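Numbering (my numbering), first residue to last: 7 to 271.
Since the hints were made in silico from the structure, they are not lab data. These numbers come from a predicted model, not from an experiment. Wrong hints could be hidden among the right ones.
What follows is a list of derived Cβ distance ranges for each label pair [as the list claims (entries may be wrong)]:
no.	residue 1	residue 2	range
1	Pro86	Leu225	51 to 59 angstroms
2	Gln209	Thr12	19 to 27 angstroms
3	Asp67	Ala219	37 to 45 angstroms
4	Val49	Gly250	15 to 23 angstroms
5	Arg57	Leu185	41 to 49 angstroms
6	Ala164	Arg57	20 to 28 angstroms
7	Arg232	Ala84	28 to 36 angstroms
8	Thr247	Thr61	15 to 23 angstroms
9	Ala244	Val49	19 to 27 angstroms
10	Trp113	Leu270	19 to 27 angstroms
11	Leu74	Glu223	40 to 48 angstroms
12	Ala142	Arg29	19 to 27 angstroms
Within a straight-line C-alpha distance of at most 30 angstroms, the following computed BS3-like cross-link-like pairs (lysine-lysine) qualify [as the list claims (entries may be wrong)]:
no.	residue 1	residue 2
13	Lys144	Lys161
14	Lys14	Lys263
15	Lys144	Lys263
16	Lys41	Lys144
17	Lys144	Lys262
18	Lys161	Lys41
19	Lys14	Lys41
Note that the Cβ used here is the ideal one computed from N, Cα and C, for glycine as well.
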Amino acid sequence: MLLRPTSKLDRLRGLEASFDIGRCTTDAEVAAFVKQVQPEVVVHTACAYGRQGETSLQLFDANLRLGLVILQALQHAAQPVSFINTGSALAPDVSPYALSKNQFAQWGRMLATQSGGQLRFINVLLQHMYGPGDDASKFTTHVLHACHRNDPVLKLTAGEQARDFIYIDDVVSAYDTLLTQRHQLNTVQDIEVGSGVAPSIRQFVESAHRLTASRTELLFGALPYRANEAMHCQANVARMTQLGWVPAFDLNAGLKKTIELEFLK
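Take the sequences, apply the hints, and build the full model.
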């Protein structure tokens, strides 16, 4: 498990002995760790969204450069490697985050194509993931916490954007399916992961409001849409279904479980 020096292991407490953990700061340390571990599969989930004031260079380092360092090290691996990349379903012009994730996917596709069978690059176009313990800067977490606290008002856009919300347990099971079925995939493959349905932002917020029994006043239309706002995001899960995966949680069930584990445990 390759981690930033500052990464916390709270969610893996008690399981640390199950992993080889590398906290690498230089390219040479990353390459040495890859050589030590000799992986058959790499699941790449590192990213920076840009919500914490990161600079463009910091987004580039997290979303593009780090992945390239790992891919370069894998080119010298003793065995073929499947690289499962967590990409973005957003168009590159939506945000610097989306741009950098799309650029890395382009690099991964090219390097896999040129690898002569050494590298399989599976680019997961992941939709809007949510669940308990998620980052406080994310929209879904912000809405749930505001409603649970009964904030006086919650300012929102008109909420017409359609989003494919996928509960974290379904994300994990999707990745597990990709791990076990990876040999059925092409050398280069984009594969969409989501619930397969796309309620509006307004429907998500109203569901969260209802399930938390919130007294917060929802002010739809109080905020403008951001520039280049994506108005419809929805995964085509046909390929995942062919691989044997089916999401277990609809939006109502996922929100209920999130609320239970986040606030009622």
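Against the structure, the hints come out as follows:
no.: 1; hint: Pro86 to Leu225: 51 to 59 angstroms; in the structure: holds (54 angstroms)
no.: 2; hint: Gln209 to Thr12: 19 to 27 angstroms; in the structure: violated (37 angstroms)
no.: 3; hint: Asp67 to Ala219: 37 to 45 angstroms; in the structure: holds (43 angstroms)
no.: 4; hint: Val49 to Gly250: 15 to 23 angstroms; in the structure: holds (18 angstroms)
no.: 5; hint: Arg57 to Leu185: 41 to 49 angstroms; in the structure: violated (29 angstroms)
no.: 6; hint: Ala164 to Arg57: 20 to 28 angstroms; in the structure: holds (22 angstroms)
no.: 7; hint: Arg232 to Ala84: 28 to 36 angstroms; in the structure: violated (46 angstroms)
no.: 8; hint: Thr247 to Thr61: 15 to 23 angstroms; in the structure: violated (40 angstroms)
no.: 9; hint: Ala244 to Val49: 19 to 27 angstroms; in the structure: holds (22 angstroms)
no.: 10; hint: Trp113 to Leu270: 19 to 27 angstroms; in the structure: violated (44 angstroms)
no.: 11; hint: Leu74 to Glu223: 40 to 48 angstroms; in the structure: holds (47 angstroms)
no.: 12; hint: Ala142 to Arg29: 19 to 27 angstroms; in the structure: holds (24 angstroms)
no.: 13; hint: Lys144 to Lys161; in the structure: holds (15 angstroms)
no.: 14; hint: Lys14 to Lys263; in the structure: holds (24 angstroms)
no.: 15; hint: Lys144 to Lys263; in the structure: holds (18 angstroms)
no.: 16; hint: Lys41 to Lys144; in the structure: violated (35 angstroms)
no.: 17; hint: Lys144 to Lys262; in the structure: holds (18 angstroms)
no.: 18; hint: Lys161 to Lys41; in the structure: violated (50 angstroms)
no.: 19; hint: Lys14 to Lys41; in the structure: holds (24 angstroms)
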